[in-house]
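Trainee: Protein sequence lines correspond, in order, to chains A and B.
Residue numbering for the first sequence follows my numbering, beginning at 726 and increasing consecutively.
Residue numbering for the second sequence follows my numbering, beginning at 726 and increasing consecutively.
Don't take every hint at face value.
Copies of the same chain are indistinguishable here, so a pair counts whether it falls within one copy or spans any two.
Here are the simulated DMTMM-like pairs of lysine to aspartate or glutamate, each with C-alpha atoms no more than 25 Å apart in a straight line [to be verified]: (1) K854 with D780; (2) K730 with D818; (3) K790 with D991; (4) K929 with D809; (5) K750 with D990; (6) K762 with E976; (7) K790 with D780; (8) K730 with E951; (9) K929 with D814; (10) K785 with E976.
Note that these hints are calculated values from the structure, not bench results.
There are 2 protein chains.
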Amino acid sequence: MQMLKTHHVFGGTLSYLQHHSAATKTSMKLSVFVPNKTGTLPTLTWLSGLTCTEDNFTTKAGAYKVAAELGMIIVAPDTSPRGDNVPNDTSYDLGQGAGFYLDATQAPWSEHFNMYSYITDDLQEFMLKHFPVDRSRQAISGHSMGGHGALTIGLKNPELFKSISAFAPIVAPSQVPWGQKAFTHYIGDNKDNWQHYDACELVKKLGGTEKTPILIDQGLADGFYETELKPELFQQACSEVGQKLTLRLQESYDHSYFFMSSFIDDHLRFHHNNLCAD
Amino acid sequence: MQMLKTHHVFGGTLSYLQHHSAATKTSMKLSVFVPNKTGTLPTLTWLSGLTCTEDNFTTKAGAYKVAAELGMIIVAPDTSPRGDNVPNDTSYDLGQGAGFYLDATQAPWSEHFNMYSYITDDLQEFMLKHFPVDRSRQAISGHSMGGHGALTIGLKNPELFKSISAFAPIVAPSQVPWGQKAFTHYIGDNKDNWQHYDACELVKKLGGTEKTPILIDQGLADGFYETELKPELFQQACSEVGQKLTLRLQESYDHSYFFMSSFIDDHLRFHHNNLCAD
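With the rest of the complex left out, here is chain A:
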């Protein structure tokens, strides 16, 4: 573990770190906000979108005021393995910065692009070892590609994440260009394998009336809304199995961090209510 820098913010401590991941076989960077509270604390894992690093949410979301007030840790990892020895692509939606939170099975990606295992195994282990995380009170959220990550990882790991939310998530990657491109390269042509990383498919199998509550915000001025995001498909899938979903369509908001900063406080309070109700 290497501490890169720390900042005091809203009375708590924000650290930029890197550590070795067995899953990605690389060093992974992340930021961790720890409020100035005692004891083990509820913790939110935040997954960012295409082209982002550990820095975007950290500097732009404006999340730490309410996180400090609620006493929540927030961890924001990078979106993919990186480095000169890690495969890449010239397009923004494949390779470094576009890990899609899955374990790749296809060459040349399968050696390093294992973000699903990184988030669920290595990052968990790292956080529990070094920070006062309450393992039983954890939530997951993310934006766009990271919203896809939050929904799929959250649905598949209900014992780990008791509360799920997303901003402008890719809910049906098997049906949209971003997801189809990523899945073809990372996990191959067999669409049966795509279902394991498709929130709409997963919620039909794993969701239900008693399952983890989900909050989604979607801006109606988001340029990707109709081509890549399609939250109504997820709403439909949830209603088929009685999965509790709050989908909020936000007039005039776009795909940017200005949209997220406007509603991040609601998400933090949603998670805090779910994690700390009793």
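Position chain B against the provided structure of chain A, taking the given hints into account.
Mentor: Just chain B now, kept in the frame of chain A:
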């Protein structure tokens, strides 16, 4: 006037724009947040620090939630003229990105580096023409070099700015390396001329018991605190003339936007109270 992009944020509208400045003889970029309120509105001019553009405060300060609540416009201009035809320097603290909010008199800077006139004349005219600014209810604030700008411009223009604040400002540029370097290049060796842009000197001449109230926040873990900032010099100068100053020394905070984001709400409320008391 050219609109570059707009975002919906906290119910208001954030615009990135550029317009021609007669003072700098260049196109100048800025961001403007306008809350969703009717009528003319109190307005804060925000001046950023060395190396910053119109984007840093806009994306990182987390100011728009409370600005929306208070109904305040915030305008954040770039920190200097820019362009291939504008003089520059290889160091970060001179030339483009380092305008120091003064009118340069020395070659090669004097043709374009006239940020004092840009802020007090061109930007005022532009804002009053295109946005619902209440001319009589305006405040000014900034960070580091921008804190120097806010203090000096605010002190010299009490009819324009009724409330002044700063984060980690350069209060005595004539006495510290950043200011001495900038002043030597921009306005020459004659130190008599430096006094017109030195907050400590200006407040002794222009401050007083009945003058514009000032709020300053300074982090005690700020690496520039003792070499470049020295807020105690300003505190001493204010006390000599009875100028009302609230100087808050914030334990553990550094020079970053994480520091500013932690206290920007206090500054917005301070300005709102001063501008809208009756």
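Trainee: Next step is simple, just say for each hint if it's right about the structure.
Mentor: Okay, the hints, checked on the actual structure:
For a Cα distance limit of 25 Å, the shortest separation of K854 from D780 inside one copy, 22 Å, qualifies, whereas the shortest one across copies, 37 Å, does not. Taking the closest pair of Cα atoms, K730 and D818 come within 25 Å of each other only across two copies (23 Å); inside a single copy the shortest separation is 29 Å, beyond that limit. Taking the shortest Cα distances, K790 and D991 sit within 25 Å of each other both inside one copy (12 Å) and across copies (13 Å). Within a single copy, K929 and D809 get their C-alpha atoms no closer than 40 Å, and across copies no closer than 57 Å, so neither meets the 25 Å cut-off.
Taking CA atoms no more than 25 Å apart as the test, K750 paired with D990 passes in neither setting, with 35 Å inside one copy and 43 Å between copies. Taking CA atoms no more than 25 Å apart as the test, K762 paired with E976 passes between copies only; the shortest distance there is 17 Å, against 37 Å inside one copy. Taking CA atoms no more than 25 Å apart as the test, K790 paired with D780 passes in both settings, with 17 Å inside one copy and 21 Å between copies. For the identical chains of this complex, K730 and E951 are inter-copy neighbours only, at 21 Å across copies versus 40 Å inside a copy, given an alpha-carbon limit of 25 Å.
Taking identical chains as interchangeable, the C-alpha atoms of K929 and D814 are never at most 25 Å apart, the minima being 33 Å within one chain and 60 Å between chains. When the C-alpha separation of K785 and E976 is checked against a cutoff of 25 Å, the pair qualifies both within a copy, at 21 Å, and between copies, at 23 Å.
Violated hints, in rising order: 4, 5 and 9; the structure is consistent with all others.
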